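Protein sequences, first through last, are from chains A and C. Final position of the first sequence in the numbering used here is 163; the numbers increase by one with none missing. Final position of the second sequence in the numbering used here is 290; the numbers increase by one with none missing.
Keep in mind the hints are simulated off the structure, nothing from the lab. Do not rely on the hints blindly, as some may be mistaken.
Stated by the list, open to error - Among the chain A residues that face chain C by a calculated CB cut under 8 angstroms, a handful are:
#, residue
1, 22
2, 57
3, 60
4, 63
5, 68
6, 91
7, 111
8, 149
Stated by the list, open to error - Just a sample of chain C residues kept apart from chain A, beta carbon distances all over 10 angstroms, derived:
#, residue
9, 4
10, 41
11, 105
12, 108
13, 155
14, 185
Only a predicted model underlies this, so the values are computations on that prediction, with no experimental measurement involved. Backbone N, C-alpha and C fix where the C-beta goes; we use that ideal spot for every residue, glycine too.
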Amino acid sequence: MDTCLVRMRVNGRPVEREVPARKLLSDFLREDAGALGVNVGCEQGVCGSCTVLVDGVPARACLAFAVQVDGAEIRTVEGLTTDGSLHPLQQAFHDHHALQCGFCTPGMIITAYDFLARHPRPSIAEIREALSGNLCRCTGYQQIVEAVQDAARLGAVPEGGER
Amino acid sequence: MKPAPFAYHAPRRLEEALALLGALPEAKLLAGGQSLIPMMNFRLARPQHLVDLARVDGLASIRAVGERIEIGAMTRQAAVETSAVVRDGCPLLVDALRHVGHYASRTRGTIGGSLAHADPASELPVVASALDAELVVAGPGVTRVVAPAEFFRAPLTVALDRREILTAVSFARIGPRVGWGFTELNRRHGGFAIVCVAAVLEVDGAGRCTKAAVALGGVAGVPVRSAGAEAGLLGHPLDDRRIDAAAAAVAGDIDPGSDLHASAEYRREMAQAFTRRALVQARGRFQEGR
Ligand SMILES: Cc1cc2nc3c(=O)[nH]c(=O)nc-3n(C[C@@H](O)[C@H](O)[C@H](O)COP(=O)(O)OP(=O)(O)OC[C@H]3O[C@@H](n4cnc5c(N)ncnc54)[C@H](O)[C@@H]3O)c2cc1C
Ligand code: FES
Ligand code: FES
């Protein structure tokens, strides 16, 4: 009973593995689903770098066991690109130099993606509050906020998200 | 770090979950995992069995029942925060939830998990205390209803036996003639409270206070209802002088400790300042008719 059969769809691809019950979703996504964009910083829910969409809803992948989300549809930062070209939100981060080392970036982008899908015309204060659970040790946040603001202006994320 | 190995159980019915708790002395309940999994990742907790409540039928619901709003223990915090029933009947809860971690932790964290975890710096126990919550607890063969004053025992300790499950909580509805306020001091948005205050005031047609609840978090091991502040408001019009005096009276009802976030003196000062703000918010909402 210490191992469990876990099935998920990760960025549209089915993944099925027998894993220990203690395997974190973050480790499952990296090791079993090959989604190396899921960065693991703190493993205590504080830094936000491991944030992914579970059935369309943002969650810390380090604060769930893979078995808990058996059957879920997962989207990671890799799932935003199509045919190797950047998503408009990713492009906005690029254009605004909203990253330096890039460690926080996948979590920032997934968080911003979900936020923009729910709030298409946010104020700067709302953007800052939405990103307050994601730590960046490099940029000082200014350019990240500008990138998200610009992405909102360009309508980079449709209301309700992409289907 | 990674959690120690455990066996995972995902019962579908409440009776099954209770039977598992009865049969497995080393079992722990798993709700949203937003407090338990960090503790397991650091091996501060090493349960041998986890009983996941997520797939148990009937534990995630929000219902208006008479003068109360009843919420199933497994209802995710984000679902409560965005519920029209809660926004309409219990807006204090919505205001407080916005301070509970971040959206990405509230999508998994549950109402019941936060109350059962009972962190002394957490917001929901304070709201439960201010709104005279009724905590519904299921045990082997019996269900009982517990009041907050009895439920919250000590930091991270509640009146739940190892074989019991918190199944629901109901809050008094915020009716007409009732104003509410919620204020919190912390270092970073989404952090635990250094001090937080929930205030609920009811007034009669002549503007006199007929009911007052002032509950504080972060200033003791459990939520504190300030008897001094409440007595100072009851029966009086809610003018600035009364509110200042009520906020000052809080100092006599708390005995905060010092830690790396704040000294006892600072907490005592801030408890008064944030009580004042919560009372002013509550009065303002009443005057505006929300
Ligand atoms: C970065 C971060 C910031 C946070 N900030 C805050 C904050 O500011 N304020 C705040 O209040 N919280 C905060 N939290 C914690 C909050 O997110 C948790 O959701 C909450 O404390 C626990 O709820 P849970 O559903 O995740 O429970 P779990 O973590 O699954 O369980 C917590 C404990 O309660 C027990 N339990 C759970 N459900 C039941 C039940 N129905 N019956 C009996 N026992 C039960 C479990 O066995 C366990 O011991 C934060 C968490 C993180 C990761
Ligand atoms: S690694 Fe998950 S929040 Fe930091
Ligand atoms: S770019 Fe380095 S942590 Fe954000």
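Outcome of the hint check:
1. 22: holds (5 angstroms)
2. 57: Holds - the Cβ of residue 57 of chain A comes within 8 angstroms of chain C, reaching about 5 angstroms at its closest.
3. 60: Result: holds, 6 angstroms to nearest chain C Cβ.
4. 63: Status holds, d = 5 angstroms.
5. 68: holds (6 angstroms)
6. 91: violated (23 angstroms)
7. 111: Given a least distance of 7 angstroms, the restraint on residue 111 of chain A holds.
8. 149: This interface hint is violated because 18 angstroms lies over the 8 angstroms limit.
9. 4: violated (7 angstroms)
10. 41: violated (5 angstroms)
11. 105: violated (6 angstroms)
12. 108: The claim is violated: residue 108 of chain C sits with its nearest Cβ about 5 angstroms from chain A, within 10 angstroms.
13. 155: holds (19 angstroms)
14. 185: Non-interface label stands for residue 185 of chain C: nearest chain A Cβ at 16 angstroms, farther than 10 angstroms.
Going down the numbered hints, you'll see the structure goes against 6, 8, 9, 10, 11 and 12, while the others check out.
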